[in-house]
Amino acid sequence: VAGLGSACLLVGLLTAGYAVFASVYGARTGSRAAVVSGRRAIYCLAALLVTATVVLQSAFLRSDFSFKLVADGSSTDTPTFYKLTAMWATQDGSLLLWALLMSLFSSAVLFLTRRSLREIAPWATAVLGFVAGFFLLLMVAWENPFTTLASPPAEGAGLNPLLRHPAMMIHPPMLYTGYVGFAIPFAFAVGALIARRTGADWIRATRRFALVAWTFLGAGIMLGALWSYSELGWGGYWAWDPVENASLMPWLIGTAFIHSIMVQEKRGMLKVWNVSLIIATFVLALLGTFLVRSGILDSIHAFGASTIGRQFLIFIAVVVLGSVALVIARLDDLRSEAKLDSLMSREAFFLVNNLVLVGLCLVIFWGTFFPLISEAFTGEEASVGPPWFNRVTTPLALALVALAAIGPMVPWRRASRSGVMRVLRWPLAVMGLTLVGLLVLTDAADSPPALAMFCFVALVLTVVAQELARGTVARRTITRDPWPRALSGLVARNRRRYGGYLVHAGIAVLFLGVAASSAFQQQRDVRISPGESFRVGGYDVTYERPTAAIGSDSAGTGAPISFGAVLTARRGDEVVRLHPSRNFYPSQDASTGPIGRFFEGEATSEVDVRWGLRRDLWVAVRPDIGELEPAIREANAKFSDSADDIQALVIAAIVERYRKDPPPAAFRGIDSPLVSWIWIGGAIVLLGALIAIWPSPEARIRRVSSIYAARLGKELTRA
Amino acid sequence: MDPRRKRKLRLFVALGAAVLLAGALVYTSFSASTQASTPSELLASAEPGRSYELTGKVVDDSIEKDGDRMTFRIRDRDGRESLPVTYAGVVPDPFREGREVIVSGELKGGTFVAERDSLITKCPSKFTKDEQSA
Chain A
1 VAGLGSACLL VGLLTAGYAV FASVYGARTG SRAAVVSGRR AIYCLAALLV TATVVLQSAF
61 LRSDFSFKLV ADGSSTDTPT FYKLTAMWAT QDGSLLLWAL LMSLFSSAVL FLTRRSLREI
121 APWATAVLGF VAGFFLLLMV AWENPFTTLA SPPAEGAGLN PLLRHPAMMI HPPMLYTGYV
181 GFAIPFAFAV GALIARRTGA DWIRATRRFA LVAWTFLGAG IMLGALWSYS ELGWGGYWAW
241 DPVENASLMP WLIGTAFIHS IMVQEKRGML KVWNVSLIIA TFVLALLGTF LVRSGILDSI
301 HAFGASTIGR QFLIFIAVVV LGSVALVIAR LDDLRSEAKL DSLMSREAFF LVNNLVLVGL
361 CLVIFWGTFF PLISEAFTGE EASVGPPWFN RVTTPLALAL VALAAIGPMV PWRRASRSGV
421 MRVLRWPLAV MGLTLVGLLV LTDAADSPPA LAMFCFVALV LTVVAQELAR GTVARRTITR
481 DPWPRALSGL VARNRRRYGG YLVHAGIAVL FLGVAASSAF QQQRDVRISP GESFRVGGYD
541 VTYERPTAAI GSDSAGTGAP ISFGAVLTAR RGDEVVRLHP SRNFYPSQDA STGPIGRFFE
601 GEATSEVDVR WGLRRDLWVA VRPDIGELEP AIREANAKFS DSADDIQALV IAAIVERYRK
661 DPPPAAFRGI DSPLVSWIWI GGAIVLLGAL IAIWPSPEAR IRRVSSIYAA RLGKELTRA
Chain L
1001 MDPRRKRKLR LFVALGAAVL LAGALVYTSF SASTQASTPS ELLASAEPGR SYELTGKVVD
1061 DSIEKDGDRM TFRIRDRDGR ESLPVTYAGV VPDPFREGRE VIVSGELKGG TFVAERDSLI
1121 TKCPSKFTKD EQSA
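Heads up: the protein sequence lines correspond to chains A and L, in order. The first sequence: position 154 = 154 (the working numbering), numbered continuously. Take the position in the second sequence, starting the count at 1, then add 1000; the result is the number in the working numbering.
Only chain L is shown next, with the shape it has when bound in the complex (with noise of 0.2 angstroms):
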């Protein structure tokens, strides 16, 4: 074969392995990425089986701990629409009321029932200010 046409060839197959790369990382992302639903996105249009993540508030006072299970409910960043959970398993640190959380599981008559040690809790940056006069 002579330098030029090897070189195409090359080429092309170094562009064709990189095309298939690329579109394996997009299918993969896509297939394995769970969705982040805020409580009135939930409410409107949850699947019964189907598995979320709820983001959102704690709402103040609704904090109930018994045992290892706990209940709370979950609102809106920005909004009144809210959703009871109910938790059991490890709690992070930062978890309060009024913190950002995220949380997997589904949604079983009205309550979300969490999976065991999915809570997570976005921390009050160390660089936002107003986080403890708030």
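So here's chain A without its partners, still in its complex pose (with noise of 0.2 angstroms):
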């Protein structure tokens, strides 16, 4: 079965070659039978890439250990839901998902826009067709995810176990659904450009898909830090890490791509910076996915050198140097048709906001790569750390905040001052009342940065809430509907408007979340025994006992063991019980032995969580087994031939000694205000981007009554 899933790669190479071919040969040639052989060439390719992937997964499920992938990535005790998820989480599998989610969004776009844009989309499917060869080329050449083993191991070696949380499993996919989302734009950026055709039509027809694509890889980011949080024993949901910021990096970008074509829809400005902005983003996401596998950065998530670093920044050279090449040729015609009126205008905000946000990208990207910067300069490799990028990024985030509030208020090409200050009369009216009664009631001022990022926050819900409160009065006395109905039919018909107006409230709650989380947290780290207390925030926490168990680890990762602890923490009359635990999962090292090797290998906190909408209180316990050594190594040496089933009760005996005759812990105890808030603004972004994305209904009626007026015209020509 292996070699049909090599197959398939090798076949979807050659047909991604002749999509290339085809495609250039008909938009030179004018030829529509080859544009249209190319633009099925993708079609097939995504045919291809999904059967290997089937081949994949079903190896995967059978537990079949002579595809290396499998022996190495998974095992037969390994649950369902993390064997299928297991193929991303090695470097081949990958790869596979990359080129199977990029042939399956190109044939989409191709397919919608089979019908229009006729210079551009053959342009546009031989740069997809280039790109998605890439990652086919990679995966025959060097990284085959459907190597065999020419003696198939009896057991696989498992999921990381750090992995085996849903959120990670989620995430990956996520974040490439939103890297190879940003090719689509890209290429019909590059189709454009090279057919001369540089008005909007090529963002009208892939607005949408920047859109999803940024929804994706933002849900992404938000679901890496959600695991960060909840799954990783330090307690944070972001370290400035480099492939976090090698994920954020592009989303940033993008986020100032779906801003600024606006200016060129509506007006016909800031064209170059448009197809840069596109270009930066997709190098971006390129360079994202190079930095996990390079190793080049010491990062959390990447380590020991990839076979393929090397091949990638080829690539990502090549884009770069072909698009800059590709702009600079096209200059002449990407002359703005507009001039900026008046700085008191909406074209002016969007590019201040676009400023600040690539601003905000280079100095991310200045300290995510400047251990290579300063070695380049002083010869040796130095680092900037979180309390860095936290003090750098501080303002900028601020700026944004504010211009996500004023901005939408400012009209197009000229405003009066006044007439701006006259809608934001309340919004500013509530932000002084939010910065009063924070001075007043609560120790805020502590933080000045977090102080006026409350204040920020106050004011661009205020500016939705008006928007959508004038909006529908102004909607109820035309329909006259019920309030609930002039609501719902204002936003429907305008979904772009409102759902952009309601992923900036969500950005706004989430920055709310973001400041009392980072401004006011407290942690302790203790070590106690049981019936000792520790105080954390305003919590009191007692240890009560310890628990050990075998073989019933609650979140269903498939661990054997785990130890824990059984806490109870007051504050005020609140009374909470906590049940963080750390999970062990058996070593393939035999030099540990046959019984220690079930203490000695990967062991992951199951930490617990109090999730509140006003505070966090987060408990992490770290058992300390070392007093279970000399068992241990005496179980080792006394049991190492018995049966399986011995060897299973000697180790519940030593488990059980554990719960018996604890020994002190360590708990790390974080009380955290307001944290929660960052995953409800995610979701309200989320919600806000999806009714954005969705045709509006109006649409779909032009849509189609344009198709029957093309019908009866053709009709009557013919008549």
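Derived by calculation from the structure, the hints in this document are not laboratory data. Just so you know, even glycine gets a beta-carbon here, dropped at the ideal spot from N, CA and C. Incorrect hints may appear among the rest.
Short, incomplete list of chain L residues facing chain A, as computed with Cβ under 8 angstroms [claimed, not checked]:
1) T1028
2) S1029
3) S1033
4) T1034
5) K1065
6) D1068
A partial selection of chain A residues facing chain L, derived with a Cβ cut-off under 10 angstroms [as the list claims (entries may be wrong)]:
7) L232
8) W366
9) A382
10) S383
11) G385
12) R391
13) W412
14) E600
15) E602
16) G626
Simulated pairs of lysine-lysine, BS3-like, Cα-Cα distance not exceeding 30 angstroms [stated by the list, open to error]:
17) K266(A) with K339(A)
18) K660(A) with K1065(L)
19) K1008(L) with K339(A)
20) K339(A) with K1006(L)
21) K1008(L) with K266(A)
22) K1065(L) with K638(A)
23) K1006(L) with K266(A)
24) K660(A) with K638(A)
25) K1108(L) with K1065(L)
From the two separate chains plus the hints, produce the assembled complex.
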């Protein structure tokens, strides 16, 4: 069966090559047949890659260890859900996922544009085929996911325990969908440049794809943060790790892109800027994929030099040089159709917002690659830590949230200062009240940046509420609908606009959580015995008793042993029980002994969080199993040749000993205010984005009626 | 002021601001950065009282725990030279012998005394295949 998979990849590579060739030929000679054939080759590629993926996934499901990938990343005792998702835990598997998503997205966009964009689409097809071809080449030549083992092992190594978390399994495909999605507008931008059709057509055709990509990438980043918070035992959600940064950078530039294309659609300005932004977004997406694999920067994600770092670098260089040369060659076609009338206009605010977003990205880029920069200049590899990132990004984030409030209130072309002030009268008043309230009632003033952020958040939320209210009132006077109906009708008829407002509100809520939790969270690390207590934030936490369990890991990750603790936290009248634990996965290392290998392998924290709208109480436990060592050593010697069930009994006895006679355990407790609002804000952003993406009924009616009109026209000319 | 001069002035101000900001970025990053050194680099040229980030691999069979404190040795990524480290505080999940770690602290009398909770373990990547067999 592995042969079928490999064959799919090889044929896929040839198909991608054919798609490039046929499309370029068709575009140059004007042969429609060649163009259609090139497009169909992409559909064909999608079918081939779906087949390859099915082959690989069924091997995972069957635990067919003759596949090297399955033997390395799965095992018979890996839960089914994690078997299905283990594909993208490996480098070869994630390349296949990339190529699969790429071919599916390309097919979708080429199908949707098959009747329009006749000049641009063939070139875009060629670009998409070229990118997909690169990934197929990587797999065919260097990293074949269908490599087989001559002598398959009886049992696989299993999936890395750290990755056994639902969010972690959805996070990579989401990020990849985002990365790949940005390839679509990129390909059409390049196509538009080559064909010298630099109007807004390519933007209108791919705008929705850019939004989908943006949404997926954002959701992927959020899931990564959630995983970090609830699975990694350190208690934070963002560490400015190079790979996190690598996913944030294309998202930031993508955000700038979906804002600034509105200026091109409305006013025909910023053309060079827009193509540059989408090129940068795609290159950063490639860079993100590359960083995960290259090992050139120290990161929690990537280690061990990969075999395909150099190929990636060459590909990125080709994309950058090719795109830049193309933009320069087409500068004449990219001239603005209009001039900026005034600095007090929507266009100007979009421009400022773009500058802030690009600035933010540049700052993060600088910090991420600082080790390389510093080595180049001083010969010493030095790095900047999270404090530096926090310091330099805070002012930009503040500016961004303030712009999210003011920007949408400024009219196009030219606005009077007094008009804008009139619209912002109420929001500014609410912001002032918030400031006074926070100063009087809370100690928010201890952190000026957080205080400023709270005020701007209030500003954004009031602006959005005011816009919704104004629109609803206006609609009610026309349609005489009841209030809820007027509101839903308003949003449904202007999805892009009100979806966008909702995204702004969600981002504001998210920053509320970020500002509060980073400025006011309290953390304690202690080492205590049962019966003892510690204090973190407003909570008194008591270590009641230890827990020790075999084969009953509640999260379903397949861990055989878990040690934990029962804690009681009190805060005034509120009493909370918490059950953090730590899972131990058997080591494959034979030197640890037949019993010892169950205790010496990977261990992961199963943290317990008391989620709350006002505050989260987060605890993790680190049991000290050092005291069990003599017993383990003894058991290793005595029972090394015993039957499996005897060994299981011995392990159970050792585990029981921990529960009966517990040594002190280390705990980390975090009292983090408002941190839940990060996830709530993320959900609001997602909702807003979905509203903006969803085709509006009018657009559908327009499309249908235009098809009828075309048909009618055809009949009439025939008659 | 005529519009052309106004535009020129505006461009000039914007460029100046950009240069200033870029300068600030460069300055803060170089002054805030900490240098990561390998054991052999530290042994060769460590200044007393200066804080360093030590990076390398944990030497096999070198971890000794004593309650909250522990000691271990860190060696060069591909070399022999190693340094003893004393550390207290939170130990990250993936910490193991043979793993790459970073820890901050200073060199005192031949021993690297680490700051509390400064230990970072570089995770065996989900993309490296041979980690478990190694």
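TODO: Against the structure, test the hints numbered earlier, and report the numbers of the ones violated in rising order.
DONE: 13
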